[in-house]
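Protein chains in written order, with the working numbering: chain C, 1 to 213; chain Y, 1001 to 1525; chain W, 2001 to 2308.
If you are wondering where the hints come from, they were derived from the structure by calculation, not from laboratory data. For every residue, glycine included, the Cβ atom is placed at its ideal position computed from N, Cα and C. Be a bit skeptical, because a hint or two may be false.
Within a straight-line C-alpha distance of at most 30 Å, the following computed DSS-like cross-link-like pairs (lysine-lysine) qualify [unchecked claim]:
1) Y:LYS1365 x Y:LYS1485
2) W:LYS2033 x C:LYS30
3) C:LYS197 x Y:LYS1021
4) W:LYS2281 x C:LYS78
With the Cβ distance kept under 7 Å, some of the chain C side facing chain Y (calculated, not the full set) [stated by the list, open to error]:
5) ILE159
6) VAL162
7) GLY163
8) GLY177
9) ILE178
10) GLY185
11) MET192
12) ASN195
13) LYS199
14) ASP202
15) ALA206
16) LEU211
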Amino acid sequence: MLYSVDTVLSFALLASLFALGSSRLPGLIKIVGFQGIVVSMVPIFIEHNITSSAVTFYMFTMTIRGIIIPLAIYLLIKKIAIRREVQPIIGYHASLFAGLMLIVASSIINHKLALPATTNSVLLMPTAITILVTGMFILMARRNAIAMVLGYLMMENGIYLVGTTFSMGTHHIVEFGILLDVLAGVMIMAIMLENMKQKFDDVDTAFLSELKE
Amino acid sequence: MVKTLIILPFIAGIIAFFIPKKAGRKLLVAIGLIHLIASILLWVERPTPPFPDYFAITPEGLLSLLVISLLFFLISIYSQGYLKAEEQHLLSDHENLISNTGIETIKAEKIFIGSILIFLSTMTMVTLSDHIMVMWIAIEATTLASAPLIYFHRTAASLEATWKYVIICSVGIAMALLGSIFIAIAMDVGQVNAPVSFSALTSVAKHLDPIWLKTGFVFILVGYGTKMGLAPMHTWLPDAHSEAPSPASALLSGVLLNCAYLGIFKTNKIMHEAGLGDFSGNILMTFGLISIIAAATFILKQTEYKRLLAYSSIENMGIIAFGTGIGGMGVYGALLCLIHHSLIKSSLFLTSGNMLLGYGTKLIKETGNMVKLMPKSFVAFFAGFAGIAGFPPFGIFIGEFFIIMAAFRSGHFVAAGIFILTLCIIFAGFSNQMMKISFGPSDHDNDTANFSKIQMDKIRSYRVDIHNKIDIGKISTDKKHMEQKLSMILPQYLLLLTSIILCFWMPDSLYQTIMNAVASMGGLK
Amino acid sequence: MIESLLLWVIGIITAPFFSAVILKVKAFFGGKKGPPIFINYYTLMKLLQKGSVYSTSTTFIFKLGPVISLGAALTALMFLPIFGHRPIFSFEGDIIFVLYLLGLGRFFTIAAAMDTASPFEGMGAAREAFFPIICEATMFMILILFYKLTGHLSLVNYFEGSHPVYLWDMAGTSMVFIVIALFIVLLTENSRVPVDDPATHLELTMIHEVMVLDHSGPDLAFIELGSFTKLFFYSTMISSLILPFQREGIFSPYSLLLGFLAIIVVYGCVGIMESIVARYKMDKVQKFILTSFALAFFATVITMEFIK
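With these hints in hand, go ahead and build the complete structure from the sequences.
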């Protein structure tokens, strides 16, 4: 009934709730980093026979998702010393409420899905969906560009979690490629954030409204 | 061979970040040429690629690869002249010198050359990848590699365009990753034991779990559809294509969209094999029609010619998606459109680079009388317009004709009706704008006569001055002078010529390749 | 029965002692010696020996407030299994009765505060009325969860016996969230930091303390004892949740000690909380309390997943 992985997952789920309610960037970064670590730990609990190469890979994932990327964004904030609010378009209470509804919705969806029998967890799919949609929500409902990047990261965390549902086999090379893409993407976004700061003296995406029909 | 195609441009790209820009430009052409030759050799030899789980040589991939190679080579030639002219143009601007933007742009050029080479490498990887996830990795990598290209001008607008491009495409493509994972889950649920590659999945498609497969397809379509510029996920496309420098726009529009389409095409193949062709076809047709209609509304009252071309790309992608959705002969038409759109649209975007340098503006109302001011560019531009709008001798016409025929044959009368009507509207809107640009009155009319000599003198004197950084005021580049450069006009002509030749004489191997690609989606009935 | 009564009396008598633990913890964190551990008894004695002063503008409601709030708290405690032992009364649905009994006590405190017609007390009353509303949502969310787990709506079924609630076996993590949520409810209901600062000296920032400004003598003693008991009530509830293991033989010294220790842990946490967290701004308080609701809701949803 109770799988050890679910205990871990519920913390990842809780982190996405906190992310919706958090108003400050440093807090949000910590939450996303924490979630990254938790999410990359999940396969260790799921897989039955763990090889040493797999463990190395998980450690690597954890380092990139949980430490390197959040740290890079944190240093970026320090460097360009921008305002620390996430500048919400949808308020925190409404976001939080949406998050709760989302958890309910994703667990309902989960019951409608026919999942492969290999997964030994009840929370995996709902957590993955919730994290994914929460990431999208933050991406859309926050004007601050850094918060948007963090939302994107959260989305990737969710997708990674969905990816663990199918039997892993020898996908590590591929997963590693995906990870590299995410890392490179965040780095490019970070460079653009720096440029944005230089151009507008802020990272509020409301400034990006020159191009329209 | 396969390894070389992917790795060589990548290494060259990294080298280009560090070498002087003049050498970089030479490197660009050299790599373009090598890549083209290698692609043709690949076409002829068809070797087995290394890591057969991850890479494969497929007909549709080869087709795209050849288009990419050809386009890249011609665009690299064009870039020689364009980058030089751009540099002069920017340095001649008084404000640019003060604000150091010009100097920044020169720095940007190294990044431009490096990124465009890496971009080539990633696109090659897309065409050759067979594993679903590798495909995703490659397509996401194209986004990342092409982002610096759009940010070439270092202006606020280009920053905005790049930001939108990176964020929207990354999020969109993340959906595609989700879709790819769903397809992998479909394998697990259906208890299929095969590599997660398109070719392997196509052969076992019948055993996959249909619900997960459908979900996966929808997500992949939304994801790669974002990259391909299907409405309503197209919002990044006009911005990115209009803000990018013209060689980059030509590459983005000409081949990047094809790469995204390749992902959809391959997934659609699996759907057809699994017997879900109707499901995927209807969705594709819907997205296609929405894109065409959206493009029509924006083309009618467009004020910038580069955005006009961008919306035309959305329209063509809509046509291609529509054709693919119909299946059978429609797919054949779609692939024809795909090839010809690449050739013609990149030619148009390159010409738009000449116009931008000549007129110094992107607004249609400030252009005009192109037939007199820039006759050589005009020929390329007008011929390109005729091709893209679907005039009979060009391939787009043939492609659209096949699609319409297939639509009527398969009984999609309403869809075909909307399709034809919208194409007519687009044609009207497009030609209206085109007439304004080509024959309309221009502010520049009176300076044609005494223009050249004065400007030439100015430019000469300015070249001396640039070393002393003395302010010499604004100089607009001489339009005709710019056209003297063969490298800035020849590629367009070659691209259009290729397109025309392909209409009348298609090499047998090319035809076979297209037919092989089509075969899995019903073939020609 | 006699044991239940005995425990009830012990609970009431020890409640002021436990409250002093908070003061001691705060003093420890502040590097001070702090008041004697029996300070609350001294205060109560002192207050009981004094006479009450009533403003001429007040009515009998003002006198009713302290009595009823104390009565409500004492009655509520009769329903709570202390250390897992059967309480004095119990019936199906008593948890709702108890919650509203405490609500009744709060109502009369508020009414008494309004009766003085002092603007400060009116302000405190408004806040006191507002914040527990959100707590109520949390409590009912927790009740839904407990009902799902046990099929009953009575405190006996949750906290009596060796296994208080079967949650720890079924969904450990959601239990953690429930405990945190309950802890936040405890802080709110009993006006502790960060919702309210009982030790503040500025009326503008007070919630609970400002409402009892006009009470004196035995009335104040009743209010104090009532709030000690209420705090004891919630702390016992949480301590039964965090002490999930076997507790056979209620009156063995070992199990009594363990129970007391668990309660002291809860009080200690309150003290630590008060030492390390500053009082929130009024507009942040709702968010803090809403967190408890979110946690409870969250725990309920994921537990539904588990028990399916």
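Tested hints:
| no. | hint | in the structure |
| --- | --- | --- |
| 1 | Y:LYS1365 x Y:LYS1485 | 26 Å, holds |
| 2 | W:LYS2033 x C:LYS30 | 37 Å, violated |
| 3 | C:LYS197 x Y:LYS1021 | 28 Å, holds |
| 4 | W:LYS2281 x C:LYS78 | 27 Å, holds |
| 5 | ILE159 | 5 Å, holds |
| 6 | VAL162 | 5 Å, holds |
| 7 | GLY163 | 5 Å, holds |
| 8 | GLY177 | 4 Å, holds |
| 9 | ILE178 | 6 Å, holds |
| 10 | GLY185 | 5 Å, holds |
| 11 | MET192 | 6 Å, holds |
| 12 | ASN195 | 6 Å, holds |
| 13 | LYS199 | 5 Å, holds |
| 14 | ASP202 | 12 Å, violated |
| 15 | ALA206 | 11 Å, violated |
| 16 | LEU211 | 5 Å, holds |
Checked against the numbered hints above, the structure violates hints 2, 14 and 15; every other hint is satisfied.
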